Amino acid sequence: MNTGWQEIRRRARLPVLLLVLLLELRPDPTAAQQVVLRSGEHDGFTRLVLDLPEGLGWQGVPGRDGASYLVELARGGFDIRLDDVFRRIGRDRVAAVSALPGGTGVELALACDCVVESSLHDGHLAVLDVRPRRANEPRPAPPPATAQANGAARVEDGTVVETPGAQPGLDLGLLPGLSDATGARRLLPTFDPGPRLVDEARTPAADREIARSFGQSLAEELARSATQGLLDADGPLQEPTEQASPPEDGSGAEADRAAQARDPISAEILAGSAARGFGGTSVLRLGGQRACVEDRRLDLPGWFGEEGEAGAVARLGALRSRLLGEFDRIDTQVQRDLARLYISLGFGAEARTLLRLENDIPDPVLMTLATLTEGGADPAGVFAGQSECPGRAALWAVLGARGLPDTAQIAVPTIMATFEELPLGLRRILGPRLSERLAEEGEFDAARNVLSRLARALGRVTEEMQLAAARIARATGATAEAETLLSELIAAPGELGVAAAVESIDLATAEGHQVPPEMVELTGAYSTERRTTDSRDAIWLAHVRAAWANAEFDRAFAEISGPAEVAAETRLRARTEALEALTASGPDAKFLRHALEPLNLALATVDPGLALQVADRLLALGLPEAAGRWLAGPAPPGRAHDWRLLEARLALASQRPEAAEIALVGLQGDDVLRLRAEAREGMGDFEFAQTAYEQLGDAQNAARLAWLAGDLEATARGEDPVLAEAAALARAAPPEAGMPSLEQGQALAESGKSTIETIRALLAESAVPAL
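Here the sequence shown stands for residues 1 to 771, numbered as in full-length UniProt numbering.
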């Protein structure tokens with residue numbers, strides 16, 4: 001019995017105990033929110049990062065004594081953690097760090113004559129870079145209090161007010177970029193050009209691209225040059241000096257000009273790319289210096305070592321074992337060395353993953369090198385405009401660029417020297433891609449030289465090198481050589497065979513050659529297997545091209561109208577190409593079936609050039625009404641003359657000569673005169689038509705119009721024997737009246753017989769053809 005009551009009491013206490021436990025575990029609303037100060041040592045500066053709550057206003061101001069720096073928060077009550085600040089940095093630049101009373105900020109005690117540069121990263125990280133003050137650099141003074149966070153500003157009474165929006169600004173940290181109005185940071189700046197003009201579409205695309213490229217390159221170079229110490233902010237942080245007041249002797253203008261010449265923020269654009277507004281090359285120089293990444297930051301041979309690949313792989317294990325130090329914290333030096341070794345071995349993905357560990361802002365140069373070793377591009381523009389640099393940066397600038405300006409200079413000897421010093425494994429990876437990039441820039445000899453050097457180093461020609469050689473041969477016009485090289489690669493396994501098949505079909509269709517039937521089936525299988533990959537659209541388009549190049553137009557249009565998941569622009573391109581090929585060489589029956597299909601008719605307004613071709617063939621087949629449906633859109637750019645001629649032909653075929661004459665107003669040329677003669681003939685102006693045909697040298701039509709105009713003399717002189725005889729007969733004088741004789745009767749009978757034959761010939765020539 002007692003046991004039962006104990007069980008009941010135990011069960012009754014259980015909910016109470018759970019309630020007490022929940023109350024104990026409930027977060028304390030009065031607990032202070034933590035703000036952690038992290039640190040890191042970098043080449044030339046010490047970085048401190050405050051991880052702040054989103055939207056918290058803050059400001060950084062120099063201390064009154066000049067030996068400290070204050071970070072003041074918009075509100076207090078924070079638990080500021082400073083325990084791990086000096087685990088990763090020394091005390092050469094920062095002697096001590098302390099929290100302000102009430103958790104309202106942080107005070108840095110500087111150990112040198114240093115400058116603190118503050119910036120916002122990712123909308124919530126207050127980044128403080130402490131660096132030595134340069135010579136002749138003014139000492140910073142406490143500026144007017146302004147908050148540097150999203151949508152907040154500090155005023156004199158210490159309150160925080162919301163502003164309508166913050167202005168975007170440069171992020172001058174290790175990885176330069178722009179911060180938008182919300183404080184969010186971007187790796188690359190983007191540009192909002194504001195309201196567009198109505199006629200912007202008429203602006204040539206090349207001009208718009210030049211403007212965008214110039215703006216983007218300028219912003220990238222400004223941010224990068226500020227990071228490299230070539231630019232200084234010229235704002236309220238600079239205290240006034242005695243030279244700020246203009247002297248009374250009138251020498252102020254010369255002093256201002258001298259100051260501007262020394263001002264590092266004034267950008268001097270020297271010999272830059274004309275296509276981007278830079279002049280003759282693609283390098284933007286700021287502060288009189290060339291913006292090239294230093295060779296010491298690109299020392300891949302040194303990172304790889306002299307022990308060869310076996311020695312490098314052996315060092316991987318040693319570095320991995322030392323990566324985590326005390327308290328399982330990452331050793332930043334080992335992290336950097338291991339990432340460099342990964343890059344030298346071609347392990348770009350591993351290097352990028354490693355660099356992101358416990359590092360909010362990875363080294364941009366190492367991150368870009370890791371991407372380039374895997375065949376990627378340089379989206380951050382780390383090597384932008386450095387193709388003419390005298391060091392190692394030139395190779396990576398060519399590899400990372402999607403395309404250089406036409407007038408950009410390329411340091412080919414430097415690129416070759418840099419390529420030769422790379423580890424052999426990395427040369428095997430980068431060589432084909434480098435040769436293709438050089439060929440794209442018109443450096444065909446250099447492109448072949450890269451492949452030749454790599455073949456000598458490897459002792460053989462790899463399939464990747466053969467594909468690159470085929471693309472170079474095609475770019476130089478050696479299509480036969482390119483076709484041979486590609487045909488040998490089609491059977492290669494994996495993505496290389498797929499790329500060769502796609503390239504081979506693209507080359508065949510561009511040259512107007514027929515594609516073997518087995519290629520249609522092969523690309524169809526590839527398209528199905530890779531329908532979920534990034535190469536889906538390219539393979540599907542190659543399959544459609546192979547079908548119509550092999551005269552299988554029905555199959556091509558069935559594939560285009562099928563359920564394949566491809567991009568809309570790819571499907572539109574395939575439909576346009578297939579209909580263009582069908583119009584050029586397809587049989588009449590298939591042409592009529594697909595030309596009048598509604599989905600294809602929709603191309604009339606999308607592609608006016610194609611509409612011109614289709615309408616021309618429909619007119620040739622005697623279908624003016626169908627041709628008119630294809631001429632419903634605007635004329636193609638640069639082909640208004642051809643378009644109006646076709647409109648005139650359409651009007652003539654529709655028995656509307658007046659409309660044809662109107663369509664030809666203002667046009668000149670023999671083709672215009674011939675159509676105008678046809679229009680005037682339809683309007684009954686035979687004399688004008690006769691004169692026009694005589695001017696064109698068309699004697700047959702001129703004689704025919706002379707007959708219609710009643711000009712028997714001209715008709716008799718014409719080359720048409722039937723009309724000439726009829727004109728002579730009409731002009732012949734009737735026989736004199738008198739007593740008939742046997743001789744006259746015989747002549748009259750012969751003349752009548754000749755007249756009947758002439759009339760029969762004339763009627764036969766002018767007979768309406770049977771339908």
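Calculated directly from the structure, the hints in this document are not laboratory data. Model, not experiment: these values are computed from the prediction. Note that the Cβ used here is the ideal one computed from N, Cα and C, for glycine as well. Please note: incorrect hints may appear among the correct ones.
[Claimed, not checked] Here are the in silico distance ranges between beta carbons for each label pair:
(1) Arg460 with Arg329: 22 to 32 Å
(2) Arg639 with Ala478: 30 to 40 Å
(3) Asp670 with Glu511: 43 to 53 Å
(4) Asp670 with Thr462: 21 to 31 Å
(5) Ser535 with Ala318: 50 to 60 Å
[As the list claims (entries may be wrong)] Here are the computed lysine to aspartate or glutamate pairs in the EDC-like style, where the Cα-Cα straight-line distance is at most 20 Å:
(6) Lys590 with Asp537
(7) Lys590 with Glu580
(8) Lys590 with Glu577
(9) Lys590 with Glu565
(10) Lys590 with Glu625
(11) Lys590 with Asp554
We went through each hint and held it up to the structure:
Separation of arginine 460 from arginine 329 is about 46 Å and departs from the stated range, judged on CB atoms against 22 to 32 Å. For the pair arginine 639 and alanine 478, the supplied restraint of 30 to 40 Å holds, since their beta-carbon distance comes to about 32 Å. In this structure the hint that aspartate 670 and glutamate 511 lie 43 to 53 Å apart at CB is violated, the actual value being about 33 Å. One distance hint, 21 to 31 Å for the beta-carbon pair aspartate 670 and threonine 462, is violated here, with the actual separation near 58 Å.
Look at serine 535 against alanine 318: about 39 Å separates their beta carbons, and that is not inside 50 to 60 Å. Straight-line distance between C-alpha atoms of lysine 590 and aspartate 537 comes to about 26 Å, which puts the hinted pair past the 20 Å bound. For a cut-off of 20 Å, the pair hint linking lysine 590 to glutamate 580 stands: about 13 Å separates their Cα positions. For the proposed pair lysine 590 and glutamate 577, the alpha carbon gap of about 15 Å is at most 20 Å, so the pair holds.
Proposed proximity of lysine 590 and glutamate 565 is contradicted: the alpha carbons are some 26 Å apart, above 20 Å. The straight-line distance between the Cα atoms of lysine 590 and glutamate 625 is roughly 18 Å, inside the 20 Å bound, and the hint therefore holds. Taking the CA atoms of lysine 590 and aspartate 554, the gap is about 8 Å. The hint holds against a cut of 20 Å.
Of the numbered hints listed earlier, those contradicted by the structure are 1, 3, 4, 5, 6 and 9.
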